[in-house]
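Asks: With the first letter of the sequence shown counted as 1, position 27 gets the number 27 in our numbering; the numbers rise by one all the way through.
These are calculated hints, taken from the structure and not from any lab test. Cβ coordinates follow ideal geometry from the N, Cα and C atoms, glycine included. Treat each hint with caution, since some may be false.
Unchecked claim - If you anchor each label on the Cβ, the simulated ranges turn out as follows:
1) Glu-40 <-> Gly-139: 39 to 47 angstroms
2) Ala-55 <-> Asp-29: 14 to 22 angstroms
3) Gln-6 <-> Gly-114: 43 to 51 angstroms
4) Thr-30 <-> Thr-118: 31 to 39 angstroms
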Amino acid sequence: MYIDTQETFAAAQSVAAAAGDVVSTNVYDTGAAADTGIGENFYLLAKMNAALVGAGASIQVVLQTSAAEATGYTDAVAGPVVPVASAGANANLAKVRVPIGLKRYLRVVFRVSGATTTAGTASAYIVKDVEALQFGASGFTVA
Numbered sequence: 001m002y003i004d005t006q007e008t009f010a011a012a013q014s015v016a017a018a019a020g021d022v023v024s025t026n027v028y029d030t031g032a033a034a035d036t037g038i039g040e041n042f043y044l045l046a047k048m049n050a051a052l053v054g055a056g057a058s059i060q061v062v063l064q065t066s067a068a069e070a071t072g073y074t075d076a077v078a079g080p081v082v083p084v085a086s087a088g089a090n091a092n093l094a095k096v097r098v099p100i101g102l103k104r105y106l107r108v109v110f111r112v113s114g115a116t117t118t119a120g121t122a123s124a125y126i127v128k129d130v131e132a133l134q135f136g137a138s139g140f141t142v143a
């Protein structure tokens, strides 16, 4: 899996905030509306860098799209709602396919709900392939 800086929405961005949307530091301009992803699958990949802190809080990564760079964003696709107990360092927040037919501008919001978060950083990218590394059980013998 390759990560391109041009398709980086957030790189270790702070998500410490009151409940609500934390907008990514970067907006991606596709250059043309309605053709993103045609012929190729692309994915929204997001992860925690530093653990989320905030009793009762949860976080969700949402890809938003708009015809204008500064206004009018609507939700296009979202990852699962991840409770603070599951949002530790390096935890995956989203691995979802980007739909076709999006508008020209894309951004990510980290949707904090349930309570204020006091610490945590997250990153989000558009990638061609998602990482598929899976860890198995240890301490067993193969006969």
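Asks: Given the hint of 43 to 51 angstroms, check if Gln-6 and Gly-114 actually sit that far apart at their C-beta atoms.
Replies: violated (33 angstroms)
Asks: Between Ala-55 and Asp-29, does the beta-carbon spacing fit 14 to 22 angstroms?
Replies: With a Cβ separation near 38 angstroms, Ala-55 and Asp-29 fall outside 14 to 22 angstroms, so the hint is violated.
Asks: For the hint 31 to 39 angstroms, verify it against the beta carbon of Thr-30 and that of Thr-118.
Replies: holds (35 angstroms)
Asks: Given a hint of 39 to 47 angstroms, does the C-beta separation of Glu-40 and Gly-139 actually sit inside it?
Replies: holds (41 angstroms)
Hint compliance for this structure: hints 2, 3 are not met, and every other hint is.
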